[in-house]
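Participant: The lines below spell out each chain.
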Amino acid sequence: MRNLVTVACAVVTVAIGTGAALFVTSAAPAAGGTVPVSITASSCGASAGWHLTAGAVTFDVTSRAPGFTSVYLVSAAGDVLAELPSLGQGRAQPLSTALTGGRYTLRCVLTDATVRVSGPLQVAGTTGGTPVGYRPMPDLAITGAVRAYTAWVAAKLPGLLTACRRLDLDVARGDLAAARSDWLTAHLDYERLGAAYNAFGDFDSEIDGMAGGLPEGTATPGWTGFFAIEHALWGGQQASRVRPLTRELVSALVGLIADFPSEEIDPGDLPLRTHEILENALEFQLTGTADYGSGSTLATTYANTQGTAEILGTLAPLLRSLAPAVLSAAQRGLATLQAGLLAERAPDGHWTPVAELSTAVRERLDGTAGSLLETLSQIPGILTPRDGA
Amino acid sequence: MRLSSRIGMAVTVAAAAAVAVGTLVATGTHTHATESHVRLTASTLPVPSHIVIVMEENHSYSDIIGNTSQAPYMNQLASQGALMTDSYAITHPSEPNYMALFAGDTFGLSSDACPVSEGTTANLGSELLAAGYTFAGYSEGLPSTGYTGCTKGEYARKHSPWINFSNIPTADSLPFSAFPTNYASLPTLSFVIPNLDDDMHDGTIAEADTWLENNMSAYATWAQSNNSLLIVTWDEDDYTEGNQIPTIIVGQDVAVGQYSELINHYNILATIEAMYGLTAVGSSSGASVISDIWSS
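Those protein sequences? They're chains Y and X, same order as listed.
Counting from 390, one number per residue, gives the positions in the first sequence under my numbering.
Counting from 24, one number per residue, gives the positions in the second sequence under my numbering.
Check each hint, because a few of them may be wrong.
Label-pair distances were calculated between CB atoms; the ranges are [to be verified]:
no. : chain 1 : residue 1 : chain 2 : residue 2 : range
1   : Y       : 705       : X       : 70        : 54 to 62 Å
2   : X       : 133       : Y       : 516       : 42 to 50 Å
3   : X       : 133       : Y       : 752       : 34 to 42 Å
4   : X       : 91        : Y       : 521       : 32 to 40 Å
Treat the hints as calculated values from the structure; they're not laboratory data.
No experiment lies behind these values; they were computed from the predicted model shown.
Just so you know, even glycine gets a beta-carbon here, dropped at the ideal spot from N, CA and C.
Let the sequences and hints guide you as you build the complete structure.
Facilitator: Take a look at the structure:
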């Protein structure tokens, strides 16, 4: 949720010139002004409105309304250009932005959800550097996407369990070559579920915890899950040493499947995970940090792009109505990254270990992923609930 | 955590006086009962014969209040009692909020861990029992009285916090099917935990609204003439920093209206403890008592 807070705060902390004139209706318009706005239970600033010239403006907002009030500066098209997510009674905060010519209003959503609207804010002239607005999304609008994604994850878990059981049986009969092949299938199945990890609770670290941060690293007793199994399978361990790990993996999956119906996927997680999954891939997979011997981190990255595509597809109907250009750019960027990754997979299915990538390929993948992440990181701000805005 | 973020940005709110505001649900005026046989404490709190607390899940104030198409009964209830317009959960996710309301502490929980065991730590149920009152938790779908498993079908232990304390007899953890039809036989205080389909966790708002009306409306009516209370509240909102939740208190000696003082689960707990003269547990100690919603 840190990103949401950052987004929300960033809007209100834009540096703006101070000490300019005060503008009220019929006053001579000028730029760089400060406008006092008083909120009460029955009003949201001046009912008569304001006249300003294009440029930077700071609203000095004071709330006398009970509880917390959210304040939105909204364009004539209905887009939120600046916001104070909540302002306590008796408190004041600046709401700063830059406005070009047009008609705007302030909308105050009181603590009891009543909406008060200011008089019109008329801005004359033009200026650049104005913010891109957010088309406001009601809180409940994302409910359908969360349900759909939750159902998708629930439907994937039995297949993941089957893959883990196959791995366990390989190890049980001492066929470590088959185990190494089936390990990858199972691990990639898990890596596609990236937006749900938070809802998996402690099961996630049991199933997919890396050794980083553990007191004795890879030698830490109790280190379990896919990476511990990878470390053992590719580290020359005998089957009898690997078996406890694969049995624990199956056991954790059984526990997760029993627990998942009572868990909740935080609706705020879905928009965040559209970029956080690939952020992790960039940090741990494309660098090879998460390679415990199999050299399969490009395959993992590709599975992460598939997981991202699943979330993006789930959120697509919302994004199509709220920010179609962002959706299109994200889909294009994802396709480019996937094509770049697939180019490093041999016809026999073998993926190039990242350590063997040429500098040119590595730079191209990093660049494609970075550019895509910039696009995806806009999504949490777009899909922040703004009821009443 | 996210509540802290919000408060950090918004700066601390000054607790509002009990002013009824808004136009969405009620008229904002207080009505005063003309006669009452309710015993009042020195601070004019009622001492209800019975309190039933129904816990709903994961929706914000504005998801419910004013949403008369999906939650007609809940909005109707809000107009029959005290609607707390500035009520907040403590944290995310679910379980620490249930623990906060029941025992005044989140116990360091940042997940819906199961099982949680807090032994003999004092809680609302144990304090009631120690003072000679009675307590029960009614959980829809609980497989059997005293069941301690984490989940079974649409039942989830994380929503039934009394199971986490050894000082609550297992006999007090009952399936909702044991909820009496003779309301006078209810314990002094009970929780009702609809299952995951009926508390708007997995099911829809409309399904939860229908369940509440079908299962609790008769009690809500009864409570208003039998010195009793129905409290309907939510564990948390769905994910925001704000974490503002609906809290509705209906019953005899509740002055109908909207109330904008800042409250959270600890204030609800502190109010109930004050009603029965219990020792305040955890963070409910020092939390202000809701004293302005009562007609007297």
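Participant: So, for every hint listed, does it hold in this structure?
Facilitator: Do the hints match the structure? See the list:
1. Roughly 55 Å separates the CB atoms of residue 705(Y) and residue 70(X), a value that falls within the hinted 54 to 62 Å.
2. Distance hint check for residue 133(X) and residue 516(Y): the Cβ-Cβ separation is about 45 Å, which falls inside the suggested range of 42 to 50 Å.
3. At about 39 Å, the CB distance of residue 133(X) to residue 752(Y) agrees with the hint of 34 to 42 Å.
4. Look at residue 91(X) against residue 521(Y): about 35 Å separates their beta carbons, and that is inside 32 to 40 Å.
Checked against the numbered hints above, the structure violates none of them.
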